[in-house]
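Q: Sequence:
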Amino acid sequence: MSHSTPRPVPAAHHLIYLLLLLPTGLSIALLLSDSRHWTLTGDLYTLINTYRTSVQTALQILATVLGTIQLVTICRLINNATRIRFTRPTHHTTLNHLALWSALSTPTTNFSLPLPQILLTFLLANFSAILSALWTGALTPTATTTTTNTTIHIPSYTNRTFIKEYPSQIDNTGPSLRTSHGYFTYSVGVGLLTSLISSASSASPLTGTLRNRTHPKLDSTGFTYTGRSYGVGAPVGLTDASIALYPWAANYTYRERGYDAQLTCVYNTSSLFLLQDTYYNALYDARGPLPDSNSSSGEYSVYTGWSTDTIVALGVASDPIAYTKSRYVAAAAGRSYLALNASQCLVTFIPTWFQVDVTIQNKQIYVSRINSSFFSPFLTSSEEQEMDIDPTNRTIHVVMRQLELISNDLTSFYRSTLGDAFNTSIADFTTSSNSTSTNTTTTSLTGIKNTYISLLDDILESYAAAQLIIGNFTTPTTATLTIEALRLGSRVYIIAVFVVSLIVVGLVGVEATRTSAWRDLPGFDFLDGRMLVLGAANGGRSIAERAAERGWRGKDMGGDWSAVGGGGEGRVEVSLGGGRDADDDDDDDDDRGEVIRTRE
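Sequential numbering of the sequence shown, starting at 1, is according to full-length UniProt numbering.
Take these hints with a grain of salt, some might be off.
Said to hold, decoys possible - Within a straight-line C-alpha distance of at most 20 Å, the following computed EDC-like cross-link-like pairs (lysine to aspartate or glutamate) qualify:
(1) K325 x D285
(2) K164 x D319
(3) K325 x D260
(4) K164 x D388
(5) K325 x E386
(6) K164 x D409
Source of the hints: derived by calculation from the structure; they are not laboratory data.
For clarity, every value in this text was computed on a predicted model and none was experimentally measured.
Produce the complete structure using the sequences and hints provided.
A: Structure (structure tokens):
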């Protein structure tokens, strides 16, 4: 019997390993995308969100294909290695080995094998599901955010021509404009009276502090402040059109200059700002000097009412001693608003840089002061002036004078709407303090202070909006935009598929080196039933005879196939050879193919 070497397979047989380029390249790309924070935005984000189910189905199919490629590669490596081993005469190959190799190369679970080998085939048969799950986790888009910069326009105060005190007469008001975004005017105290008082009525939140207070922006954009506005944030919804270019924008942040109005309030029992009877029918005046009044006669305003009981008069120096950043406001009130009478507040406007954070979907605005305490001692005078929106302090004067106009316009014969707003603020603060031990004076002054803060912040913001919409006095600034995006996969899965890809490629490299690129791989493949039958036939009856000796018995001229694997026949040793049968009477020397024979 001939023992020539079995025929090797052509090199083209190994081109299947090139399929590894797909999962390996993709795993590298995924690792780069995770380390460099690549994101899916714009139209691609819209497409995935719109057709999420279809995209997920496609990704599941792709994950299955990638896992299958890697598993097929592993199975091919097992098949090639075992086929080469089968040809080596020094290796004792049994029928159980062939069954195991066949199951691992397919892969399937062979329950006729010994238990350890059953477990091994079971694990490999289900390894495809594990690989598919890992690839699904590495490819499934997950929510994330990315940032980009855009330009919006904030108010410029270089031109302050229109910011001045206008008479209250209906035909003498300042420039005004009504648009789809709301009503804007330079006569803030008169033109926005209702909005200002409505906001001031909730100046003291019933729960929490001023940081938790929510109040609407005084226009029609629908945005709401959480906490103080500090008079900034006017560009939101008005001059931030560039934000609309990013339909999946979540929020944005920018910086804006403004004033932090800080108040100190007391009851000045020696105040000379008082309500007096003019002795004209239903006319009363509020007169007297304030600490910063330039003339000894002080301030003077006329109010209407059946008596002084329903009058609330606020006094602000119309001609101050100097235009400074610290100004006084005093109140004279009748018996219906006694908590306000003789109250006096010092308002200090501190030039400050603010950070404005805007949540687009919820339409929320959060304003916070940028802490400049570290570098403020090192600022030059020019840098300090740059922080100040109006170094002449004329804007501060106009803002304060609006308080006097508001009080004058909101007093009727029966009540003071402004006084009601103050009383509501005091009552709300008393309720929120939740303590009977709170000093009444402290409670009243805090409620008064909160109302002034609301009015001053809203007045400053209204002038800023007028600069933007009416005066068109703007300056560009950079806004940092946070955009909703998607990233591919989760890091743990991306690392997992990358490691698996490296292992599979490494195994291919190791096997290619160890076997000299599978140079000795025979053409015989025990997975091919045709080759298996022909090889066994070429080997004659020796295999069946040896199996019979080990415990397999034929039945009715046929094999008892249900008994296969139950006896010792699995330990029958076989080998693979090539050549022709010596007993064949045919004299030609043609190769009859590979032969499976028992080992002697």
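Q: Against this structure, judge whether each hint is valid.
A: Okay, the hints, checked on the actual structure:
With a CA separation close to 28 Å, the supplied pair K325 and D285 exceeds the 20 Å bound. A distance of roughly 13 Å separates the Cα atoms of K164 and D319; the hinted pair therefore holds under the 20 Å criterion. With a C-alpha separation of about 11 Å, the suggested pair K325 and D260 falls inside the 20 Å cut-off, and the hint holds. Taking the CA atoms of K164 and D388, the gap is about 18 Å. The hint holds against a cut of 20 Å.
At most 20 Å may separate the alpha-carbon atoms for a hinted pair to count; K325 and E386 meet this at roughly 15 Å. At most 20 Å may separate the alpha-carbon atoms for a hinted pair to count; K164 and D409 meet this at roughly 18 Å.
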